[in-house]
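Colleague: Below are the chains, spelled out letter by letter.
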Amino acid sequence: MVAGAFVDDSGTLTTANLRAAVSGPYLSAFARSLQLSAITAVVGAVLGALLAWAVVSGEPDGNLRRVVTSASGVLAQFGGVTLAFAFLATVGFEGLVTIFLRERGIDIFASGAWIFELPGLVLVYTYFQIPLMVIVFLPALDGLKPQWREAARNLGGSAWTYWRRVAGPVLAPAFFGSMLLLFANAFSAYATAAALVSQGAPIVPLQIRNLQTSEVLLGQQNLGRALGFGMVVVVAIVMGVYALLQRRTTRWLR
Amino acid sequence: MRLLPDRSRPTIALLGAALLLTAACGDAPERETASTGSDGAVAAATATSAEDFGGFDGLVEAAEAEGTLNVIALPPDWTNYAEVISTFEQTYDIEVNSAQPDASSQEEINAAEQLAGTDRAPDVFDLGPAVATANADTFAPYKVQTWDDVAEELKDSDGRYISDYGGLMSIGYDADSVPAPTSVMDLLKPEYRGKVALNGDPTQAGAAFAGVVMAALGNGGSADDIAPGIEFFRQLKAAGNFLPVDPTPATIASGQTPVVIDWDYTNAAQSEALEGQRNWEVVVPQEALVSSYYVQAINADAPHPAAARLWQEFLYSDVGQNLWLKGYGRPVREVAMVEAGTIDEAAYAKLPQVSGEAVTLTEEQTAAAAALLSGGWAEAIS
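Chain order of the listed sequences is A and B. The opening position of the first sequence corresponds to residue 82 in my numbering, with each subsequent residue numbered one higher. The opening position of the second sequence corresponds to residue 526 in my numbering, with each subsequent residue numbered one higher.
There's no promise every hint is true.
[To be verified] Partial list, computed: chain B residues near chain A (C-beta under 8 Å):
no., residue
1, Gln625
2, Pro626
3, Gln631
4, Glu632
5, Ala659
6, Ala661
7, Thr663
8, Asp726
9, Pro727
10, Val770
11, Gln781
12, Ser899
13, Ala903
14, Ile906
[To be verified] Listed next, the stretches of chain A that the computed footprint assigns to chain B, with coverage defined by at least 3 CB atoms under 8 Å from CB atoms of chain B:
no., stretch
15, 98-109
16, 189-196
17, 275-282
18, 292-298
Hint data in this document are derived by calculation from the structure and do not stem from the laboratory. The beta-carbon is built from N, C-alpha and C at its ideal position, and this holds for glycine as well.
With these hints in hand, go ahead and build the complete structure from the sequences.
Modeller: Here's what the structure looks like:
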């Protein structure tokens, strides 16, 4: 793929593919991909962290924790055609929830078929982002020793002081690292989007699919590889920052 | 407790980097070694007509000796391919393996490349004209017995590919939920709010591409300038009429896609299949006639070359052509068969009547239109 990104159809080295990959419709596709990944990473991180905190606040061997962690382990990998179908069956045009609301006079598709466009992808991606956040963030929350809370209270600090001065700084690297992991996960997800969106290739993985399999735009496979190379660069940067943050996180987990 | 001891970290980092590099660089799958063919197989692979087999019976014998045919991208409800395949299997002692019915033309070529040298490679292709001309040197030249019945512009002079069936772009609609559209521009009316679907993405699929060309002709454009077609869909989206759902027989039957822009043979096949269930009608807008023929070719590296050639002979015989006609496709030997009286009159009468000259895009026009679409389609319908 990397080799193909730098050659044109006749095999000569060129940067034309890379230059085309960051211009015009492909630049907008990158922008939308980044937008989608950022939104679902933030929403998934916040909601996932809250859920993880709820789980940690309960019994360490309790049923709630076991059920949530097992379910998260499964649902974090739940994607592709099955997830797309599940959402269409629930909130699609003839979905269960859609019909339920329609009978009560609420038409959720009054402003258009959003579920097959970017807003629909945001909703569906969040579904596997939250469980992933729970799995990744739970160890960090486990690492918060109750002794720290007690020590803070002994020294006269309020809950707010504890969170601002102790737990916050300890959890921050883990939180932002997990958010970056969610970002990379959403950025590179393909199967779910391919199953859900059939018009207009709004994000980069779908654009790559178009270039590889289109019967209208021919000979663009190397441009597809250049787009793939661009994606690898973005994910590499994200993972690099994640690795740096992980080093700071593990400091407190020993 | 540390997860990774200090000493192993550099090694593990190096391994990780190596893995990443191989993942980024490697995208060609393993090639299986092909079984060695006999002299007969080699002769079949270079045969350019039935004479090279010593006559049609020689071809049948060689094909039945091979016993299998690999086809790809032939949906059973696309111009009656289900019956075409089953009739071929019954007439000759050959088993047909139909792979990937929903693949696009480019995916057929990709499959041939990836499976080259194996027994599962596709023997024959049914492709859009653009993909066919771009990959003509991977096809084996072969002229069927009825070669002369086909017009010059509908085949390759060297015999590498030949048009098989054609159709006109049409608007299929559910007569019970929407009024009958009389022209392309009618679809912009408020009665069609949230109801108009296009079969595929025009930067992906040939059928959707032809749909945009039809919209261009209906909106004042021409074969040289399809920008009005993109403009039409922009207006359709702005009016809230455009439905970004991929229409399938299931969505048509369930009523999710009450109006579908697709080839007339596909829409007509739905009419027939849903009789009694849904009142699916088809109209071909007379001011925007877009016609295209799909193209048939034989893989030069076909694992079953004789069977592939027999398949071609079958498709271009009266039986094969009439089976496509039964699926509402316009067979390429139409003119010759009407003259000889071998055409299926009943099925022929069901084809839409055209009152004008249909537009077929040339290679240059297709390339220009494709370039326009790649730049403007995503913005127009987002």
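Colleague: Does each hint hold? Answer for all of them.
Modeller: For each hint, the structure was consulted:
1. At a threshold of 8 Å, the smallest CB-CB gap from Gln625 (chain B) to chain A is about 11 Å, leaving the interface hint violated.
2. Because the closest C-beta pair between Pro626 (chain B) and chain A is about 15 Å apart, greater than 8 Å, the hint is violated.
3. Below 8 Å, beta-carbon pairs count as interface contacts, and Gln631 (chain B) has one with chain A at about 5 Å; its hint therefore holds.
4. Taking 8 Å as the C-beta contact cut-off toward chain A, the hint placing Glu632 (chain B) at the interface holds, the least distance being around 5 Å.
5. A hinted interface residue such as Ala659 (chain B) counts as satisfied when its beta carbon comes closer than 8 Å to some beta carbon of chain A; here the least separation is about 5 Å, so the hint holds.
6. Nearest Cβ of chain A to the Cβ of Ala661 (chain B): about 12 Å, over the 8 Å cut. The hint is violated.
7. Evaluation of the Thr663 (chain B) hint against chain A yields a violated restraint, the C-beta minimum of about 13 Å exceeding 8 Å.
8. About 6 Å separates the beta-carbon of Asp726 (chain B) from the nearest beta-carbon of chain A, less than 8 Å, and the hint is met.
9. Look at Pro727 (chain B): its Cβ gets to within about 7 Å of chain A, closer than 8 Å, so that hint holds up.
10. Of the supplied interface hints, the one on Val770 (chain B) holds, with its beta-carbon coming within about 6 Å of a beta-carbon of chain A, less than 8 Å.
11. Hint status for Gln781 (chain B): holds, given a least beta-carbon distance of 5 Å to chain A, under 8 Å.
12. A hinted interface residue such as Ser899 (chain B) counts as satisfied when its beta carbon comes closer than 8 Å to some beta carbon of chain A; here the least separation is about 5 Å, so the hint holds.
13. Satisfaction of the interface hint for Ala903 (chain B) is found here, the shortest Cβ-Cβ separation to chain A being roughly 5 Å, below the 8 Å cut-off.
14. Hint status for Ile906 (chain B) relative to chain A: holds, with the closest Cβ pair at about 5 Å, below 8 Å.
15. Taking a C-beta to C-beta cut-off of 8 Å, the stretch 98-109 of chain A contributes 3 residues in contact with chain B, enough for the three needed, and the coverage statement holds.
16. With 3 residues bearing a CB less than 8 Å from a CB of chain B, the stretch 189-196 of chain A meets the requirement of three and the coverage assertion stands.
17. Counting residues of the stretch 275-282 of chain A whose CB falls under 8 Å from any CB of chain B gives 5; the rule of at least 3 is met.
18. A count of 6 residues in the stretch 292-298 of chain A with a Cβ less than 8 Å from any Cβ of chain B is obtained; the coverage claim is therefore met, three being the minimum.
Of the numbered hints stated above, those contradicted by the structure are hints 1, 2, 6 and 7, listed in ascending order.
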